[in-house]
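Novice: Numbering follows this note's numbering, with no gaps: position 185 of the sequence shown is 185.
Hints in this document: simulated from the structure, not taken from any laboratory. Warning: the hint list may mix true and false statements.
[What the hints assert, rightly or not] Here are the simulated DSS-like pairs of lysine-lysine, each with C-alpha atoms no more than 30 Å apart in a straight line:
id, residue 1, residue 2
1, Lys99, Lys9
2, Lys167, Lys51
3, Lys153, Lys97
4, Lys119, Lys51
5, Lys153, Lys114
6, Lys2, Lys97
7, Lys9, Lys46
8, Lys100, Lys2
9, Lys119, Lys164
10, Lys119, Lys97
11, Lys99, Lys51
12, Lys161, Lys9
13, Lys84, Lys153
14, Lys114, Lys9
15, Lys2, Lys119
16, Lys153, Lys2
17, Lys164, Lys100
18, Lys99, Lys164
19, Lys97, Lys114
20, Lys114, Lys70
21, Lys100, Lys114
22, Lys153, Lys70
23, Lys97, Lys164
24, Lys100, Lys153
25, Lys100, Lys119
26, Lys70, Lys100
27, Lys119, Lys84
28, Lys164, Lys84
29, Lys114, Lys51
30, Lys84, Lys114
31, Lys99, Lys161
32, Lys2, Lys46
33, Lys99, Lys153
34, Lys97, Lys70
35, Lys167, Lys2
36, Lys104, Lys46
37, Lys46, Lys114
[Said to hold, decoys possible] Between beta-carbon pairs, the in silico distance windows are:
id, residue 1, residue 2, range
38, Leu129, Ile69, 33 to 39 Å
39, Gly122, Leu163, 53 to 59 Å
40, Gly68, Gly122, 24 to 30 Å
Every residue, glycine too, gets a C-beta built ideally from N, C-alpha and C.
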Amino acid sequence: MKIEIHAQKRGLQGTGASRRLRRTGKVPGILYGGEQGPVNLELDHKELYQKLTMESFHASILTLDLDGIKQQVLLRAFNMHPWKGQVQHVDFQRVSKDKKIHMKVPLHFVNAEKSPGVKEMGGVSNHVLNDLDVTCFPDDLPEFIEVDLGELKVGDSVHIKDLKLPKGVEPVLHRGENPVVATVILPALITEEEETAAAEAVPAPSEVPTTAQAQPEAAAEGAAGDKAAAKPAGDKGDKGDKGEKKEKK
Numbered sequence: 001m002k003i004e005i006h007a008q009k010r011g012l013q014g015t016g017a018s019r020r021l022r023r024t025g026k027v028p029g030i031l032y033g034g035e036q037g038p039v040n041l042e043l044d045h046k047e048l049y050q051k052l053t054m055e056s057f058h059a060s061i062l063t064l065d066l067d068g069i070k071q072q073v074l075l076r077a078f079n080m081h082p083w084k085g086q087v088q089h090v091d092f093q094r095v096s097k098d099k100k101i102h103m104k105v106p107l108h109f110v111n112a113e114k115s116p117g118v119k120e121m122g123g124v125s126n127h128v129l130n131d132l133d134v135t136c137f138p139d140d141l142p143e144f145i146e147v148d149l150g151e152l153k154v155g156d157s158v159h160i161k162d163l164k165l166p167k168g169v170e171p172v173l174h175r176g177e178n179p180v181v182a183t184v185i186l187p188a189l190i191t192e193e194e195e196t197a198a199a200e201a202v203p204a205p206s207e208v209p210t211t212a213q214a215q216p217e218a219a220a221e222g223a224a225g226d227k228a229a230a231k232p233a234g235d236k237g238d239k240g241d242k243g244e245k246k247e248k249k
């Protein structure tokens, strides 16, 4: 699928110029890479925003029409406004047919509903990865990579090295690495694990001294202190005086 995006060279630079550009419905951007120097761009916000909603726009070789001159590029980055839904900036990279590129390619999961684990054993598919880092020449870059879950039983997994990658496409892995892409599991197992983890995280009531539990002890200590303070310092002396009067009688 060929995707084309239009752009123009941008003359003015700086924060103020970019802000004024956005007010007119444009998006500032940059084109870099290859043997040429970087070029500042401006793009139509509406066209760019619509293209960004396409999955293939993020993982395909794009045709950038820059002032009538077309060249092959990759979308490398874009920034969005925190709450306005407005594209703030976009980066494109030139590509050369004779140089390999490094890209994230989306994964498409198929046949999960036909697998023995889902259809016969009541399991559900669990997608561990949603995209895959690959390296390849630009002409070999796929729009997506298909992950067939049709043979999985409960407890089975598909790893990266199990995938059937298009010709010329290689996964980016460290030595000995073979991460899980998807599994089929029972929903009950998820529930039991979550309940166990929640039960272990909550301490027993006896281990947590609440305000209500602490109040009786504090009240008792306070009452004892009040009684001791209420006794006059000369009580014993008064009793001694009464005893002396009785002896005189």
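Novice: Compare the structure with each hint and give your call.
Specialist: Results for each hint:
1. Note on Lys99 and Lys9: the hinted pairing holds, with a Cα-Cα distance of about 26 Å set against a maximum of 30 Å.
2. Simply put, Lys167 and Lys51 have alpha-carbon atoms about 27 Å apart, close enough for the 30 Å limit, and the pair holds.
3. The straight-line distance between the Cα atoms of Lys153 and Lys97 is roughly 42 Å, outside the 30 Å bound, and the hint therefore fails.
4. A hinted pair counts as satisfied when its Cα atoms are at most 30 Å apart, and Lys119 with Lys51 does not qualify at roughly 37 Å.
5. Pair hint Lys153 plus Lys114 holds up; C-alpha atoms about 11 Å apart against a cutoff of 30 Å.
6. Distance restraint check for Lys2 and Lys97: the Cα-Cα separation of roughly 16 Å lies within the 30 Å cut-off, and the hinted pair is therefore satisfied.
7. For the hint linking Lys9 to Lys46, the alpha-carbon distance of about 18 Å falls within 30 Å, and the restraint holds.
8. Annotation: proposed proximity of Lys100 to Lys2 holds, straight-line Cα distance about 19 Å (limit 30 Å).
9. Distance check on the hinted pair: Lys119 and Lys164 sit about 24 Å apart at the alpha-carbon level, within 30 Å; holds.
10. Pair hint Lys119 plus Lys97 does not hold up; C-alpha atoms about 45 Å apart against a cutoff of 30 Å.
11. Straight-line distance between C-alpha atoms of Lys99 and Lys51 comes to about 26 Å, which keeps the hinted pair within the 30 Å bound.
12. Using a Cα cut-off of 30 Å, the hinted pair Lys161 and Lys9 is violated, with the two alpha carbons roughly 44 Å apart.
13. For the hint linking Lys84 to Lys153, the alpha-carbon distance of about 45 Å lies beyond 30 Å, and the restraint is violated.
14. A hinted pair counts as satisfied when its Cα atoms are at most 30 Å apart, and Lys114 with Lys9 does not qualify at roughly 52 Å.
15. The straight-line distance between the Cα atoms of Lys2 and Lys119 is roughly 38 Å, outside the 30 Å bound, and the hint therefore fails.
16. Using a Cα cut-off of 30 Å, the hinted pair Lys153 and Lys2 is violated, with the two alpha carbons roughly 38 Å apart.
17. Taking the CA atoms of Lys164 and Lys100, the gap is near 20 Å; set against the 30 Å cutoff, the hint holds.
18. With a C-alpha separation of about 23 Å, the suggested pair Lys99 and Lys164 falls inside the 30 Å cut-off, and the hint holds.
19. At most 30 Å may separate the alpha-carbon atoms for a hinted pair to count; Lys97 and Lys114 exceed this at roughly 40 Å.
20. Restraint check for Lys114 and Lys70: not satisfied, since their Cα atoms lie roughly 45 Å apart, outside the 30 Å limit.
21. Of the pairs offered as hints, the one joining Lys100 and Lys114 is violated, with about 37 Å between alpha carbons and a cut-off of 30 Å exceeded.
22. Between Lys153 and Lys70 the alpha-carbon distance is near 49 Å, which puts this suggested pair outside the 30 Å criterion.
23. Of the supplied pair hints, the one linking Lys97 and Lys164 holds, its CA atoms being roughly 23 Å apart against a limit of 30 Å.
24. Restraint check: the Cα-Cα separation between Lys100 and Lys153 comes to about 37 Å, which exceeds 30 Å; the hinted pair is violated.
25. The straight-line distance between the Cα atoms of Lys100 and Lys119 is roughly 41 Å, outside the 30 Å bound, and the hint therefore fails.
26. At most 30 Å may separate the alpha-carbon atoms for a hinted pair to count; Lys70 and Lys100 meet this at roughly 20 Å.
27. Proposed proximity of Lys119 and Lys84 is contradicted: the alpha carbons are some 43 Å apart, above 30 Å.
28. Between the alpha carbons of Lys164 and Lys84 the distance comes to roughly 41 Å, so the proposed pair goes past 30 Å and is violated.
29. Note on Lys114 and Lys51: the hinted pairing is violated, with a Cα-Cα distance of about 33 Å set against a maximum of 30 Å.
30. Simply put, Lys84 and Lys114 have alpha-carbon atoms about 42 Å apart, too far for the 30 Å limit, and the pair is violated.
31. About 24 Å separates the Cα atoms of Lys99 and Lys161, which keeps this hinted pair within 30 Å; it holds.
32. Taken as a hint, the Lys2 and Lys46 pair is honoured in the structure, with Cα atoms around 19 Å apart against an allowance of 30 Å.
33. Between Lys99 and Lys153 the CA atoms are separated by roughly 41 Å; this puts the pair beyond 30 Å, and the hint is violated.
34. About 15 Å separates the Cα atoms of Lys97 and Lys70, which keeps this hinted pair within 30 Å; it holds.
35. With a C-alpha separation of about 20 Å, the suggested pair Lys167 and Lys2 falls inside the 30 Å cut-off, and the hint holds.
36. Of the supplied pair hints, the one linking Lys104 and Lys46 holds, its CA atoms being roughly 25 Å apart against a limit of 30 Å.
37. The suggested pairing of Lys46 with Lys114 is violated, with an alpha-carbon distance near 41 Å, which exceeds 30 Å.
38. For the hinted restraint 33 to 39 Å between Leu129 and Ile69, the CB-CB distance of approximately 38 Å keeps it satisfied.
39. Take Gly122 and Leu163: their Cβ atoms lie about 26 Å apart, and the range 53 to 59 Å is violated.
40. The hinted window of 24 to 30 Å between Gly68 and Gly122 is violated, with their beta carbons roughly 59 Å apart.
Of the numbered hints stated above, those contradicted by the structure are hints 3, 4, 10, 12, 13, 14, 15, 16, 19, 20, 21, 22, 24, 25, 27, 28, 29, 30, 33, 37, 39 and 40, listed in ascending order.
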